[in-house]
Each structure stands twice: as C-alpha cells, then as structure tokens.
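*Asks:* Quick mapping for you: the protein sequence lines, in order, are chains A and B.
According to numbering that gives the first Met the number 0, the first sequence is numbered sequentially starting from 0.
According to numbering that gives the first Met the number 0, the second sequence is numbered sequentially starting from 0.
Heads up, a few of these hints could be off.
[What the hints assert, rightly or not] Some but not every residue of chain B turned toward chain A, in silico, with C-beta under 10 Å:
1) Val-56
2) Val-58
3) Val-92
4) Gly-93
5) Glu-97
6) Ser-99
7) Gln-112
8) Ala-139
9) Ser-153
10) Thr-154
11) Gly-354
[Stated by the list, open to error] If you want a taste of the chain B side facing chain A, the calculated C-beta under 8 Å gives, among others:
12) Gln-61
13) Tyr-89
14) Pro-94
15) Gly-95
16) Asp-126
17) Gln-127
18) Leu-128
19) Ile-131
20) His-134
21) Asp-135
22) Ser-138
23) Arg-356
24) Gln-358
None of these hints come from the bench; they were simulated from the model.
For each residue, glycine too, the CB sits at the ideal point set by N, CA and C.
Number of protein chains: 2
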Amino acid sequence: MANRRGHGHGFTPAPSDSPHPAESGHRIEPVIPSPLPPPVTSSPKTLDVVGIGNAIVDVLVQADDAFLSDHGLSKGSMALVDEQQADRLYASVGPGLETSGGSAANTLAGIAQLGGRAGFIGRVRNDQLGAIFAHDIRSAGARFDTPAAESGPSTARCLILVTPDAQRTMCTYLGASVGLDPADLDLDLVRQAEVLYLEGYLWDSEEAKRAFLAAAEVVRASGGQVALSLSDGFCVDRHRASFQELVDGHVDVLFANESEICSLYEADSFEAAADQVRGRCRVAALTRSELGSVVLSGEETFVIPPYRLGALVDTTGAGDLYAAGFLYGYTRGESLERCGRLGSLCAGQVVTQLGPRPQASLPDLVATHLG
Amino acid sequence: MANRRGHGHGFTPAPSDSPHPAESGHRIEPVIPSPLPPPVTSSPKTLDVVGIGNAIVDVLVQADDAFLSDHGLSKGSMALVDEQQADRLYASVGPGLETSGGSAANTLAGIAQLGGRAGFIGRVRNDQLGAIFAHDIRSAGARFDTPAAESGPSTARCLILVTPDAQRTMCTYLGASVGLDPADLDLDLVRQAEVLYLEGYLWDSEEAKRAFLAAAEVVRASGGQVALSLSDGFCVDRHRASFQELVDGHVDVLFANESEICSLYEADSFEAAADQVRGRCRVAALTRSELGSVVLSGEETFVIPPYRLGALVDTTGAGDLYAAGFLYGYTRGESLERCGRLGSLCAGQVVTQLGPRPQASLPDLVATHLG
Numbered sequence: 000m001a002n003r004r005g006h007g008h009g010f011t012p013a014p015s016d017s018p019h020p021a022e023s024g025h026r027i028e029p030v031i032p033s034p035l036p037p038p039v040t041s042s043p044k045t046l047d048v049v050g051i052g053n054a055i056v057d058v059l060v061q062a063d064d065a066f067l068s069d070h071g072l073s074k075g076s077m078a079l080v081d082e083q084q085a086d087r088l089y090a091s092v093g094p095g096l097e098t099s100g101g102s103a104a105n106t107l108a109g110i111a112q113l114g115g116r117a118g119f120i121g122r123v124r125n126d127q128l129g130a131i132f133a134h135d136i137r138s139a140g141a142r143f144d145t146p147a148a149e150s151g152p153s154t155a156r157c158l159i160l161v162t163p164d165a166q167r168t169m170c171t172y173l174g175a176s177v178g179l180d181p182a183d184l185d186l187d188l189v190r191q192a193e194v195l196y197l198e199g200y201l202w203d204s205e206e207a208k209r210a211f212l213a214a215a216e217v218v219r220a221s222g223g224q225v226a227l228s229l230s231d232g233f234c235v236d237r238h239r240a241s242f243q244e245l246v247d248g249h250v251d252v253l254f255a256n257e258s259e260i261c262s263l264y265e266a267d268s269f270e271a272a273a274d275q276v277r278g279r280c281r282v283a284a285l286t287r288s289e290l291g292s293v294v295l296s297g298e299e300t301f302v303i304p305p306y307r308l309g310a311l312v313d314t315t316g317a318g319d320l321y322a323a324g325f326l327y328g329y330t331r332g333e334s335l336e337r338c339g340r341l342g343s344l345c346a347g348q349v350v351t352q353l354g355p356r357p358q359a360s361l362p363d364l365v366a367t368h369l370g
Numbered sequence: 000m001a002n003r004r005g006h007g008h009g010f011t012p013a014p015s016d017s018p019h020p021a022e023s024g025h026r027i028e029p030v031i032p033s034p035l036p037p038p039v040t041s042s043p044k045t046l047d048v049v050g051i052g053n054a055i056v057d058v059l060v061q062a063d064d065a066f067l068s069d070h071g072l073s074k075g076s077m078a079l080v081d082e083q084q085a086d087r088l089y090a091s092v093g094p095g096l097e098t099s100g101g102s103a104a105n106t107l108a109g110i111a112q113l114g115g116r117a118g119f120i121g122r123v124r125n126d127q128l129g130a131i132f133a134h135d136i137r138s139a140g141a142r143f144d145t146p147a148a149e150s151g152p153s154t155a156r157c158l159i160l161v162t163p164d165a166q167r168t169m170c171t172y173l174g175a176s177v178g179l180d181p182a183d184l185d186l187d188l189v190r191q192a193e194v195l196y197l198e199g200y201l202w203d204s205e206e207a208k209r210a211f212l213a214a215a216e217v218v219r220a221s222g223g224q225v226a227l228s229l230s231d232g233f234c235v236d237r238h239r240a241s242f243q244e245l246v247d248g249h250v251d252v253l254f255a256n257e258s259e260i261c262s263l264y265e266a267d268s269f270e271a272a273a274d275q276v277r278g279r280c281r282v283a284a285l286t287r288s289e290l291g292s293v294v295l296s297g298e299e300t301f302v303i304p305p306y307r308l309g310a311l312v313d314t315t316g317a318g319d320l321y322a323a324g325f326l327y328g329y330t331r332g333e334s335l336e337r338c339g340r341l342g343s344l345c346a347g348q349v350v351t352q353l354g355p356r357p358q359a360s361l362p363d364l365v366a367t368h369l370g
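Could you put together the complete structure from these sequences and hints?
*Replies:* Listed below in structure tokens is the structure:
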C-alpha cells in the first residue's frame with residue numbers, strides 16, 4: 000500500500016487517451032477527459048504538495064453575535080481590512096490567542112504533520128509575527144524558504160472572532176503577504192511538487208494571482224497537478240468569472256464548501272452546484288459541515304461521513320485540514336473514498352480545538368480511525 | 000455582601016492595638032500583630048489591586064520528558080535564558096500557541112475579569128509582542144499605562160513546554176521587562192491600590208526589585224497592603240535571605256506553593272514550612288496542587304479543597320489564578336475561607352485549558368460554584 004516516505008512513483012497526470020502506468024487507485028484510469036497537456040518534462044518529484052498562500056498569524060478572540068452585527072460582519076465569512084481598521088477592531092475585542100494561520104499554510108502544515116512532503120510559499124515581513132509564522136510551519140515539517148520582506152507592511156494578521164456556536168468570522172489585514180509576486184516564487188520548489196495547491200484568497204491580490212498562475216504553468220509543464228480551494232463565498236463573489244475559467248482550464252482537484260460551490264455557479268442548491276462542477280475538473284471535493292463531504296470524479300460520487308471526535312469548539316481550519324488529509328491520501332495513490340475519509344478525519348479533529356493547526360497527533364488519529 | 004464596583008470602603012490596615020472599623024470578615028480583628036506602621040495618609044482607593052511584574056508573552060509548546068532532560072530543564076521550574084538561548088530553544092521545538100502571560104500580569108488580568116479594579120505595571124518594548132501584551136491586559140479590564148520602551152531588548156518571551164502530564168516547564172527571556180526601574184513606576188497608580196501585588200520573579204532583576212520596594216513603601220504609607228507570590232522554588236533558592244526579610248518586614252499576604260514555602264525555610268515537610276511561616280505575615284495562602292490549599296492567619300487554619308472542573312490540560316497559570324481569586328475576595332472583605340475557595344476555583348478553571356489567561360468566564364464560574 001501507500002509508502003509513507005520516499006515513495007518513488009511519479010505522479011504524472013495521464014493524458015486522456017493513455018492509461019496511467021501507476022499501480023492502483025483513481026490514478027490508473029482517469030474517468031474524465033483530462034484538460035492537462037501531456038507532460039513536457041518529467042522532473043523528479045521530491046515533494047508531495049507545494050502550497051502558495053497568504054502567510055498569516057491568526058488572533059483568536061471570543062465574540063458574540065451582537066459584536067458581529069455591531070461591526071457589520073457576516074458570520075462565517077472573511078473580510079479584508081486595512082491596517083487602521085485592523086487596529087481599531089483589535090482594540091475593541093477581548094484578550095486573544097495567537098497562532099500561525101493562513102488557509103493554504105494550515106493545509107501544508109497538516110500534510111507535513113501527517114508525514115507528507117510539504118512546501119509552502121508565502122510572504123512575511125522580518126518582524127516578530129513573521130518569525131512565529133516561519134517557525135511554526137517549519138517545525139510542523141514543511142519547507143518554507145520564501146525570504147521575509149525587509150521593508151514595507153508588517154506580517155499579515157487575521158482577527159478571528161469565534162462565536163459560541165463555534166463558527167468563525169475573519170477580518171484579515173493582508174500586510175506583507177499581499178506583495179507576493181512572481182519574483183518571490185521559488186520555481187525549483189514548485190517543479191518538485193506532485194501537486195501545487197492554491198488558496199482562492201490569493202485572488203484578492205493581483206501580484207499573488209499572477210504568481211500563482213505562473214507557478215501553475217510550471218508545475219503542469221513538469222508533470223504535476225493543480226489543486227485549488229475556493230476559500231470563501233464572498234471571495235468567490237469577488238472573482239467568479241476568473242475562478243470559473245480557472246476551474247475549467249487549470250484545476251485538477253477542486254475543494255469548496257457548500258456556499259462556495261453554490262456561489263461559483265450561482266446555483267440554488269448544493270445538488271445543482273454539484274451537477275455544474277462535475278466533469279469540469281478531475282476531482283471535486285465538496286465539504287458540507289455536519290453533513291460530511293461529497294467527492295465527485297467523472298461519473299463517480301463518493302459520499303463521505305463526518306467524524307465527530309468531541310465537542311465542537313471552533314471551526315477555524317476545518318476546510319484547510321480537510322484538504323490536508325485529502326491531498327495526503329491523493330499523493331499516495333489512495334482511493335478517492337479514503338482520501339475523503341482522511342480529509343474528513345483531519346477536519347473532525349481541528350474543530351474540537353481553538354485554532355487551525357492541530358494540537359493532537361494526526362498520524363495517531365489516522366492509525367486509530369482509519370487503520 | 001460584596002459590592003462589585005465602586006465599593007467605597009477603605010482598606011486601611013488596622014494597627015495591632017485598634018480594632019478595624021470595617022464591617023465583616025477577617026479584617027475586623029487581625030489576630031496577628033501587624034507589622035504595618037499606622038497609615039500616614041489615607042488616599043482614596045480607586046483600585047483593588049495593582050501588580051508589578053514581568054510583562055511577558057508566552058509561547059506554549061507541547062514537549063515530552065525526553066526533550067526536557069535533553070535540554071537540562073527541570074520539570075515544573077522556570078529557567079532564565081538569554082536571547083540567543085531563547086532563539087536556539089525555540090528553533091528546536093514544535094509549533095506554538097502565543098498568549099499574553101507573566102505571573103503577576105495573569106493575576107491582575109484574572110482580578111479584572113472577575114470584576115475587580117486592577118492595574119498592572121510592567122515593561123514591554125514597542126514591538127508586536129508588546130502590542131499583544133498591552134492589548135490583552137487592557138482588554139481584560141486592567142489599567143496598564145507603563146510606557147513601552149522605544150529601544151533596547153524586545154518584549155519578554157517565555158517558552159512554556161507543556162508535557163503530557165499537564166506540567167509546564169518555562170524558559171524565560173526577560174528582554175525589555177528586566178529594565179523596569181523606579182523611574183517607570185506610576186506612583187499615583189500605586190497609591191490608589193488597596194493591595195500592591197508582587198511576583199517573586201522580579202527579584203531576578205536588581206532594577207525591578209528596587210522598583211518594587213519603592214512601590215511597597217508608597218502603598219503602605221498610603222494605607223494599603225502588600226502581597227507577594229514566591230513564584231518558583233529555584234527563584235526562592237536564588238534569593239532566600241532577601242525573601243525571608245521581605246516576608247518578615249513588608250508582606251501582608253504571602254502566596255506560595257509547597258516547594259516554594261519549603262525552599263524559603265529550607266523545611267523538610269509542608270507542615271514544618273507552614274509552622275515556620277505562621278505569624279510572619281498577616282495571611283499565608285499555601286497551594287498544594289491536587290491537595291488544594293491551606294490558608295494560615297494567626298492561629299487560624301483553613302483547609303481549602305481543590306475544584307476539579309475537567310481534565311487536567313496545562314498547569315500554566317494555576318498559582319497566578321489562585322492569587323487572582325483570593326485577592327478579589329480579600330479586597331472585598333470576604334472571609335479567608337471564601338477567599339481561598341475563590342482562588343481554588345479560578346485555579347481549577349485555568350488548568351483545564353492551554354495557557355494562563357482564562358478563556359471561560361470567571362464570573363459565571365463563581366456564580367455557578369460559589370453562589
């Protein structure tokens with residue numbers, strides 16, 4: 000079965016007209032026409048997943064519904080704020096708990112914790128929060144070599160308001176992370192990835208978006224796949240046409256929750272949205288909170304149950320850790336159903352604690368629940 | 000009963016030969032000879048407790064016993080490290096969770112959260128961690144006006160290694176906090192305090208120690224009392240003679256755990272140490288982890304049970320929150336037994352979570368368990 004470390008099998012996407020030579024699972028026979036060009040070069044893959052995202056330190060604060068409505072915040076969403084707004088909002092909330100965050104960064108830290116070979120690209124400033132971010136992702140086991148900015152805005156911060164129903168509402172000051180541009184890209188790192196993973200939030204910055212598109216070209220040219228997480232319903236609203244085009248033309252694995260996939264296709268129901276996305280990318284993994292998730296690939300549909308591992312404390316990072324578990328399995332050639340279960344399990348853990356980086360051992364959890 | 004806000008009763012310590020005019024509890028008849036001089040002035044008391052301590056941001060990290068022994072760390076203790084050592088140690092640990100800390104600061108934040116009128120004096124640098132510290136203590140409801148240092152070492156950090164048995168082992172880089180000196184003291188704030196609270200850790204810095212002694216003079220001259228927490232067995236070892244002199248001549252309320260009180264009097268048993276301290280200060284509140292605590296005053300002894308409010312997660316802040324609950328009751332004229340129960344309850348809460356600042360509502364807890 001899956002070889003946890005140093006597994007030497009290539010992860011070359013199969014052109015639609017030739018069967019994939021690998022030994023098992025969904026990679027043998029892609030059941031949908033692949034939009035991928037045949038690989039131009041076939042670099043050795045030393046990393047399972049490389050992610051590009053905003054490098055953010057989270058400030059977790061408890062809040063009630065009245066606070067959200069007083070400040071015009073929409074529960075469960077992510078709003079962008081400038082530094083002044085961030086400072087003003089921070090001054091109005093109670094004591095916080097700081098932890099490294101960032102959607103794709105959470106995913107890559109989770110993959111590394113599971114034993115996957117992970118790398119992250121994102122921009123911090125050379126300040127105290129930047130040092131915390133760099134320490135945390137490296138100490139989780141991921142490669143992180145993006146040089147810290149020597150000047151300009153400070154490291155990105157996200158104020159996360161956790162309400163008593165465990166929902167999180169986020170206000171992000173993008174700071175230094177917004178300046179990520181193609182020049183910051185370590186293309187050698189990207190070439191080493193079997194899967195390049197992107198958070199949709201990058202679309203809020205033109206530079207970061209261009210950086211991602213450049214990286215997507217490189218990873219595909221070197222035989223890798225591209226995964227995208229849609230991040231947030233409002234973010235999809237802001238960039239709908241661009242995301243639709245991206246999914247149709249450049250994405251192999253799409254992650255989205257119910258509101259995001261409905262927003263992407265302006266669909267009235269989850270089922271209608273699922274019908275819309277089917278066939279547009281190799282795999283779509285759609286998460287539905289307490290309903291678990293649904294994984295679509297060609298004509299296949301896998302309904303994955305949720306894992307309830309304790310009281311619901313904070314949903315921060317649930318989607319990010321779902322993607323971590325899924326991609327960890329995916330890059331090991333596991334069946335799509337098992338990929339979904341791995342995602343569901345990791346998401347089930349992170350919602351039982353405060354913050355988006357699992358404090359429990361994910362490998363222990365997998366051993367206990369999935370053998 | 001206790002008036003939560005704006006209660007106008009003075010907290011003038013009674014000279015030993017005159018009965019205290021206040022209405023209830025242990026303050027009516029001090030049963031031990033008071034070492035206090037009669038009040039010289041009687042300033043209006045607008046704050047219940049003002050604390051002086053190291054202003055620290057904690058970095059909480061999970062570790063195992065092997066890590067402690069590999070790095071020569073003594074479980075449960077606090078070791079001082081310089082910035083280089085701090086950086087080296089940080090590089091060798093896993094991902095962390097950052098939260099404001101500092102022993103006395105935790106106590107004052109707890110008192111404020113309970114509804115007490117609290118102020119804190121301590122020194123941060125004008126950097127990101129300093130801003131986090133200032134935000135957290137102010138947003139808990141405490142006054143904090145000490146100006147941030149514009150240059151010099153960065154804000155103090157404490158790496159807290161939490162082992163699976165929930166014990167914490169601390170490595171502190173004192174940074175900017177060590178530079179607290181009498182010039183930083185807001186004597187107006189001190190004069191407004193019914194109780195001045197000090198952490199023993201200040202004794203590791205000559206400037207901070209002098210600052211505290213100056214403040215103790217001021218608070219006593221204006222009719223307040225002085226409370227001291229011994230902080231750490233090794234800290235007591237480093238400063239035994241000085242602490243003994245302090246307890247005999249300047250301290251009204253002493254907080255210590257079993258190892259600290261034994262270290263102070265080089266006693267072989269808790270009972271021997273308790274016999275030694277009895278009568279040397281107005282009140283001694285001695286905590287004994289899972290055995291609860293013992294409060295001594297004159298010939299009186301109150302044995303206080305522990306409160307078990309959930310699984311033991313992290314003992315960081317247990318002593319600090321005990322002092323918070325105790326002093327909150329004490330400055331409201333509650334009986335010493337109830338003061339002890341308030342302390343025990345707050346400590347019982349904080350050990351069920353990661354970090355030293357209660358994430359649950361302390362007033363709700365008091366209402367539920369102590370009516």
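*Asks:* Against which earlier hints does the structure fall short, listed by number upward?
*Replies:* none
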